[in-house]
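The chain contents come next:
2 protein chains.
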Amino acid sequence: MTFHEYATLYQHNLLNDVVPFWLQHSPDKEYGGYFTCLDREGKVFDTDKFIWLQCREVWCFSMLYNKVEKKQEWLDMAIQGAEFLKKHGRDKDGNWYFSLTRTGAPLIAPYNIFSDCFAAMAFGQLYQATGNADYSQIAITTFHNILKRQDNPKGHYSKAMPGTRPLQNFALPMILCNLVLEMETLLDKQLVENTIQQGIHTVMDVFYQKDSGLIMENITPEGQLSDSFEGRLLNPGHGLEAMWFVMDLATRNNDQALITKAKDITLSLLEYGWDQQYGGIFYFLDVKGYPPQQLEWDQKLWWVHIETIISLLKGYLHTGDEKCWQWFEIVHDYTWKHFPDPENGEWFGYLNRQGQPLLPLKGGKWKGCFHVPRGLYQSWTTLQQIAAKHALSTQPK
Amino acid sequence: MTFHEYATLYQHNLLNDVVPFWLQHSPDKEYGGYFTCLDREGKVFDTDKFIWLQCREVWCFSMLYNKVEKKQEWLDMAIQGAEFLKKHGRDKDGNWYFSLTRTGAPLIAPYNIFSDCFAAMAFGQLYQATGNADYSQIAITTFHNILKRQDNPKGHYSKAMPGTRPLQNFALPMILCNLVLEMETLLDKQLVENTIQQGIHTVMDVFYQKDSGLIMENITPEGQLSDSFEGRLLNPGHGLEAMWFVMDLATRNNDQALITKAKDITLSLLEYGWDQQYGGIFYFLDVKGYPPQQLEWDQKLWWVHIETIISLLKGYLHTGDEKCWQWFEIVHDYTWKHFPDPENGEWFGYLNRQGQPLLPLKGGKWKGCFHVPRGLYQSWTTLQQIAAKHALSTQPK
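Chains as they are written, first to last, in the UniProt record's numbering: chain C, 1 to 397; chain G, 1 to 397.
Hints listed in this document are in silico derivations from the structure and should not be mistaken for laboratory results.
Do not take every clue at face value.
Intra- or inter-copy, both count: the list cannot distinguish identical chains.
With a Cα cut of at most 20 Å, we get these calculated DMTMM-like pairs of lysine to aspartate or glutamate [what the hints assert, rightly or not]:
#1 Lys29 <-> Asp48
#2 Lys189 <-> Asp76
#3 Lys154 <-> Asp93
#4 Lys43 <-> Asp286
#5 Lys389 <-> Asp321
#6 Lys365 <-> Asp227
#7 Lys148 <-> Glu73
#8 Lys261 <-> Glu322
None of the values given here were measured: they were computed from a predicted structure.
Can you build the whole structure from these sequences, using the hints too?
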């Protein structure tokens, strides 16, 4: 397949399959917001509304409207979700709940900060589409609330006894690397620069471990390995996803050395996380090879694979390293053979180690309208850039 | 195989394999307490001390001392764990932590009540072995603390917003059915009777659903099905384990009708939970056949299988229902083919759906010295009773 043919495949899957699937099955026309628990055919099997996924779907349709085409249907879809969230999503202090009932009653408390991260992302992107000041206000207020809560994001829900084994977690710094670019136009310039520098430093110097070439999920306050279940934990997909966030930041700053470092870490994480026996990337591993506590460790998840494809393609685009392309072909083949469901549309989310669907769902409590469409969009447009670059180049491919 | 041969198999696995495995690999001779994170060969791979498992190992060696043989080595093993727990296990209000570091520093807060349940069980059993009043005092105080906390066991760690979707959970009533018998001699007679009647009622009338013949994990305050992820959840092993607790209570009260009902539910849960394709009992199912949120739903766990064997054997002993024996042979064959590790001793804990070990561990954060030895003891002695009964009977078997 040529670069152009690959690009077309990702584009068509996005626009003719995945986006129509969510447009058709996901809107709750009675109460607003989205259904995300969709079975193989798109039928709703549960009506709870998980804030991560509600926000991510608002973001997704806003992004498509902003970046792909000014389709009113997409904008309407984003706005109806945002209005539901605006009305029901927050507690009186402006913290975002974890989940709501179908009608919008608060179900699970704001016990973590990621609902807030995806809310800021959603309302920031929707503001770009609408210019509606309510939306920018929600995005900005939420962003500052995240910064305020970032040193103790779980509050009284934290089960760790203070002081015994303090650990820094990778997820928030990683997400901030992406969120700050999403919200760049809404924030003070210096705050943007500081957050970017801090984010890059935390991901690439603190959580990245030079000796192993790996990125840990949890490290000591001094940046060292903690020899505990949490401290030995690797989530290869997390690190692989972060690498394209970093490449985007590095591209913005024209920092070729940082791009190369992120590309090298991508390859290193992928080589480590790849299942030599059955193919695909493991969900969790223990850096010392011990049994991880996560029983789902050997499963193959949709988001891990599509995020890896993005990082490989961006790495190839910006550095030309043929290893990125070779790995892209391997991960692409595995992904397209196992995840998409040509019969009913969209992608399966969860495969067992052998590559068979573990659950028949297209959406649930954690899988919604986000990684697949974002990944297809990112891959499509990156492949287009690769094709354009190679068309200009005298080197045959 | 004859009843007697089966009994001998369970007895020998307990006394010549499983108990020696824990005696050899588990004690922390430097700081006290036990290592439970043991790899395939018994080598320690993590030194954290999980209160559930510390307590359960104290209980196990005390029980063996009380019921099997007055071996000093077993009593010493129990006491050294209990002394570590007595010194480090509780916060200033007497709540039991979830986990400690190797040296005994509190690591994870008392966020659930099951640490306390297993502590009461451990110190109650150890008191029977020693007559040490310190131990009975800890058991009694902890038991009353459980009763005090039972309506809000998670306290401020609960993430559910009050009022939106209140649910009753099966685990605590189920455990109390067992705990109250364990502690019978230490508690006020009327409290014992009330707790037993309440426990039986809750398990057999409230959580048991007549229409389906199943036991739900979570139900509404009115005892109805909640059409939500939590409400649709089935944990067949939980219900199957509870049935032998109920049979023990019914035997104590000489209530044959209750024994028959518990036997019928055992068969009904097992028929529902059995994997027709690969054998073994599923870990989680959704009562409406939807995808469960637990990604480990299709795995085969050691405790589910040994607990089921106990209920089938007790059902057969007390009712003579041949279906119990037929199912026992099926579950026995699956269990002994897949879980025990004759090469290195003890049992694997976690198999994938196909029956292959998912993790090579013999112990970890949740698997310790408890279900296997308790189950082997219960099965061995129940099989002995079955053999004795049949030897007296004129009917050939």
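Intra- versus inter-copy proximity for Glu73 and Lys148 (alpha-carbon distance at most 20 Å): neither (36 Å within a copy, 55 Å between copies)
Homomeric proximity label, Lys261 with Glu322: Cα distance no greater than 20 Å: This pair counts as within: shortest intra-copy Cα distance 15 Å, inter-copy 67 Å.
Homomeric proximity label, Lys189 with Asp76: Cα distance no greater than 20 Å: Neither: 31 Å inside a copy, 67 Å across copies.
Copy assignment of Lys29 with Asp48, given that the CA separation must stay at most 20 Å: within (15 Å within a copy, 50 Å between copies)
Intra- versus inter-copy proximity for Asp286 and Lys43 (alpha-carbon distance at most 20 Å): between (37 Å within a copy, 16 Å between copies)
Within, between, both or neither: Lys365, Asp227 at alpha-carbon 20 Å: Answer is between: at 15 Å across copies they meet the 20 Å cutoff, but 31 Å inside does not.
Intra- versus inter-copy proximity for Asp93 and Lys154 (alpha-carbon distance at most 20 Å): within (15 Å within a copy, 23 Å between copies)
Alpha-carbon proximity between Lys389 and Asp321, which holds within one copy, between copies, both or neither at 20 Å: Within one copy, since 14 Å is at most 20 Å while 76 Å is not.
In summary, the numbered hints that this structure violates are 2, 7.
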